[in-house]
Structures are given as C-alpha cells and as structure tokens.
Amino acid sequence: MRKIIELKNITKSFDGEVVLDNISLDIYDNEFITLLGPSGCGKTTTLRIIGGFETPDCGDVIFMGEDIKDVPPYKRNVNTVFQRYALFPHLNVFENVAFSLREKKVPKDEIKRKVTEMLSLVALKGFEKRSVTSLSGGQQQRVAIARALVNQPKVLLLDEPLAALDLKLRKDMQVELKNIQKATGITFVFVTHDQEEALSMSDTVVVMSEGRIQQIGTPVDIYNEPTNAFVADFIGESNILDGVMLEDRKVAFAGHVFDCVDAGFAKREPVDVVVRPEDVDIVPEDKGQLQGVVTSVTFLGVHYEIIVDIKGFKWMIQTTDFCDVDEKIGLYIEPDAIHIMKKSEYSGMFGDYSTYSDEMEEIGEVEIGELAEYEEQEAAPAESETEK
Amino acid sequence: MKRASKIYTALVMVFLFAPIAILLVFSFNDAKSLSVFSGFSLHWYRELFRDDETLKAVRNTLVLAVSAALISTAMGTAAAVGMNRMRNKVLRQTMDSVTNIPMINPDIITGISLMLMFVFVGRLFGAATSLNFGTMLIAHITFCLPYVILQVLPKLQQMDKALPEAAMDLGCTPLRAFFKAELPEIMPGVITGLIMAFTLSLDDFVISYFTSGNGFQTLPIRIYNMTKKTVTPKMYALATIIFFVILTLLLISNLYDEDEVQKRRAARQIRKASKEAKT
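In order, the protein sequences belong to chains C and F. Using our numbering, the final residue of the first sequence is 388, and nothing's skipped along the way. Using our numbering, the final residue of the second sequence is 279, and nothing's skipped along the way.
Rather than coming from a laboratory, the hints here were simulated on the basis of the structure. Where is the CB? At the ideal position from N, CA and C, for every residue including glycine. Some hints here could point you the wrong way.
[What the hints assert, rightly or not] Straight line, CA to CA, 25 Å or less: simulated DSS-like cross-link-like pairs of lysine-lysine:
1) C:104 x C:129
2) F:229 x F:32
3) F:161 x C:75
4) C:129 x C:105
5) C:108 x C:129
6) F:6 x C:104
7) F:32 x C:69
8) C:114 x C:104
9) C:267 x C:287
[Stated by the list, open to error] Derived CB-CB ranges, DEER-like:
10) C:70 x F:97: 43 to 49 Å
11) F:88 x C:39: 53 to 59 Å
12) F:254 x C:194: 21 to 27 Å
13) F:78 x C:130: 29 to 35 Å
14) C:13 x F:157: 24 to 30 Å
15) C:194 x F:97: 56 to 62 Å
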C-alpha cells in the first residue's frame, strides 16, 4: 500500500494552549482511517491541518511525497464533508454539487453528467431542483458527500458527519459511507467520538487524547490489545485493575494469581490489567477464582449489566444469566480474557465502576492474601536450593 | 377599559400622523393660505419643479446619498467581515464599541468635529476653501458606517462559519469564497444597511450644515435657507414627495426582511414534516 499522507511531528497550539502535541501519522491509499477521541483531543484540528484550514506551528504535512504545509485549501486535492454539512443555502441541490466543477470551468454537459452520476451514487436522483434547506438531515448529509466527491479527490475528510443524525439513520449512513468508500476507492479520513462507529467502519483506528496519539491499529487490535488504560476505557467497557506481573504468563490482581497469555514484562513489574465485562463467567461461589456480591443489575435487552463488588472494587460484568442484587457469586476469567498493559499516565484514572461511591479510596490496592502465598511458594524452592 | 385603550391608540395615531396629513393636504391647496383649503390643485408641485435652485439641491442630495450609501455599505460590510473574523475577544468588543460611537454621538458634535478636522487638514495643505462635496461625502460615510455594520454583523454571526471554508475547499480563493458563499448569506443585512445609509444621508441636516461648502447645497439645507424668508406651500409639496420616497424605501426594506423570515419558516416546516414522516 502506498502512503498518501504523512504527518510528521505536528504541533499546534491556540492562544498558548497546546492542541496537538508532536503527532505523527501515516495514511495509506484506499484506506478508511478514523480519528477517534473525546472532544478536545485534537482530532478535528488534525483534520483541518490536512484540509489546509489550519497551519501547524511546526512539523510537516506530506501529500503524495510533497510538502503541502503552505498550500492553501483550494489548491489541495482533498475535499471535506463538514460537521453541519455547510451546504450553500442559496443554491439548489444540483448547484451545490456542481459548485467545484463550475469553479474549475468544466464544460456544461460534463457538469450535468458528473453531477447526475454523483447524485445517483448517493441515492438522491430527482432532487436536483430542490432547495437544500428543504431536505432532511440525512439527505443534506448525502448532498455534502456528493459535493465533496464530485471533484474526485484523493482523500475525503469527514468531520463527525453523522453526529447530527438520529440513531437509525446513523446506522444506515455508516453502511452507506463504507459502500461509497469501497466503490470509489478514495481514502476516507473520518473523525468521530463514537467508538462503535469507529470500530464498525474503519480499516485503521487512531485513538487520540489530549493532543496525542494513544494507539494506531485495526479495530480488532484496538479492542483486544489496548496500549493503556485510556484506550481500554474509551473503546468499550472495561474493568481496569492494578496488578503485578509475577512472571511470564502469571499475573496477580484482585488478590488472586491468574494465568494469562501475556509475556515479556519485567519480573514483579506493576501493570494495568484489563478484563472486558463480556469475558467474565459467572459461576457458583465456591467454583470462582474471585467471589463477590452483586450490587446492581441493569437490563439492557441483549444482556444484563451487573456491578459486582469484589473486595471494594466494583466490576462490571455483562451476562445473559440473571443474578439478583445481594446475591453472592463466583467469577471465572479465562487466561486469554486477561489483557496486560504497561503502566501509563492514565493508570488508575479509568476502569472502575464505583462512581459516586465512597469506596474510591480503596480501589486498586493489590490484595496481599494470595500474593503472599505465591511469594512463599516462590521463595520455597529457592530456599531448598540453598539447602542443597 | 377596552374602549379606553382603543381611544388611546387612536389618539397616538392622530398625533403621529396629523402633521404629515396636514402637510399633505395643504400641499394640494389652491391658495397660499394655511387655514383655508380653497380647492385641489397641483399648482405648488408645478411651482416646485420650476425652482432650479431647489431642483439642483435635490440632485445634489441624491448624488450624495447614493454615493454615501454605496461606499459606506461596501466599507461597512468589509469592516463587519473583518470584525467577525477577529479571534481576540477583547479587541473585537473594543472595535464594536468604537464603531458605535458615531451612532450615539449627538449629530451636532459629530458635525462640528468633522468641520474642524476638514478645515484643519485643509489649512495644513494650504487650501483656501476646504469644505466641498468631498468633505460632505466623507462626513456622510462616517455617520452611515456604524448603521451598516450594525445590520451586517448579526447576519455574519448567524451564518455557519464553515460556509466560506466549504467554498475554499471546493476550489475558491478566499476572496472568491466571500462573494460566492458568504455574501449571498448576508445579503439581507447588506440591503437593509444600504437602504438605511441612503435614508440617513438623505435627511441629514445637522452634519451636512457644518460640513457643506458654500457652493454645495443639499435639500435639507436649501429648505432651511428658504424658511429663513417665507415658507411657501412649494415646500409642502417637496416635503410630501420626500415623505413618500422614504416611506416606499422603508416598505421595500420591511418586505425584504419579511420575505426572508417567511422563507426560513417554510423551510423549517418542511424539515419538521419530513422528520415526522420518517418516525
């Protein structure tokens, strides 16, 4: 795959406030790449730098091998779908789509052909003469996409294009956008704060927070192998606990030693442990690795979401089995359901479900109980060796 | 109670419009008398159109008003665009207040200060008579500007900021983006600003009086000079004509606004309907 855009060490601040802090990103041909993060993380600024609406304070923007940092937006082979579409209210649907072709002085019959083609691509045939203000949100959205694509750009930038649509329409548009991207083969750079949207549509997800890139990867990688507590918490629900890596494939957390599949950490390295709520099995109390008390149950249709208090730390568990509040249950976690992350600045900030409870203080302490046992076991052979 | 409020409203209307009605009626009076209406005639209108001095003043006024309106609208729109793009909040608010000063400043002070400045600058360059059409035009642009800005700025603030960016994204240079995307959006404000500037310039007396040279007379000044002698019903005819010109402009500007409002309302209803149809 060919690199189409390279951002190199981009830094940008507004009024002394750093919005982008030394970010580097490669975007490839034909890729559907999503910039994902909470509001204020710098994802829109990144998009605007690619579009040419902001100039980075330092760093390079390379477009197909050329530095375009100082190229104005109207000379870039990139088009944008704006957040609230920014359709021209004084022009009808046809003229909105034809706008860039008219600017380029394309012959009239060619304009007509291209606009008609684009309108049928976005399923708006027959809307040519309609005023854009009379269209519904979804239709306006599609006019905006047609208007941006008629120019046949190398890259299409989409700034939270689905944020203003209702849930059902948004789902439809997600599928439609993905189809358009496949049909045209144009690179899509998509900005959203909706993690589900990012996971379902993208080839590559870029998770951003506080002006920095936290992780770049496929949706599956991002979900299964988050690099830090921020990513784990932002992408889906997760229980994040303080743990200690005892040796390769052995980790201690919540007062119990678990088998896991991760290796390559230093001995006794403090780590963050992620367990997804859907990966925890509920078993009878005596058969569980951990024992806890159910404190709340929420019915969500496909499953129940239950909060379980285990030694003061509240776990979220998604299950199809019904449990009652105050029931004592056992939990069982498969080795491959445990994901180990290195400690980061985000450690301890996310991943507990005891919000509004006064038990916050107690969270995260590695319980001594079983850990002490393990230490004894580990120490024993060493002692016996010396005895020999 | 209801009747009382009706009477009150009627009284207000009478006091508001009686002077104009009297003026209107007596401009068609056959005789010169102000107390007796002796019969309908266009005599005073004919008389008016024979008065070369007054006609020249009318022409002067129109030339001045049209130039002042066009120039102040262009400048005011540009100023509003610039102010709207200011990122520094303090600077923008300062600009906002400063541009409003000519609006709240008493005309007489604006007039005297402008005259002083013109004479001062004229002396500096050694001109014998520094007050002429040019100085009056500058004066009129000065007091029209804030009204234009006041009309255009809110339209710019209402506009989706992404519109000019979208135009640039689609191949427009920044200047072209302004004309193709921004200007059509703020046009109602620009038109109202233009009309306001025109009418303000048309009926200004105080500032014109101080800044006009001896060779250049506008209609209000001409009327003032005429009233120093005797008031002839010729003046009623002139006043009536001016009143109707201004009234027409006001109606046009109101209709234009009303039209905009209705268009928006219609669009909103269609959107609402299509949303309901879906659910």
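Next item on the list: List in ascending order the numbers of the hints, as given earlier, that are violated by the structure.
Entry: 6, 7, 9, 10, 11, 12, 15
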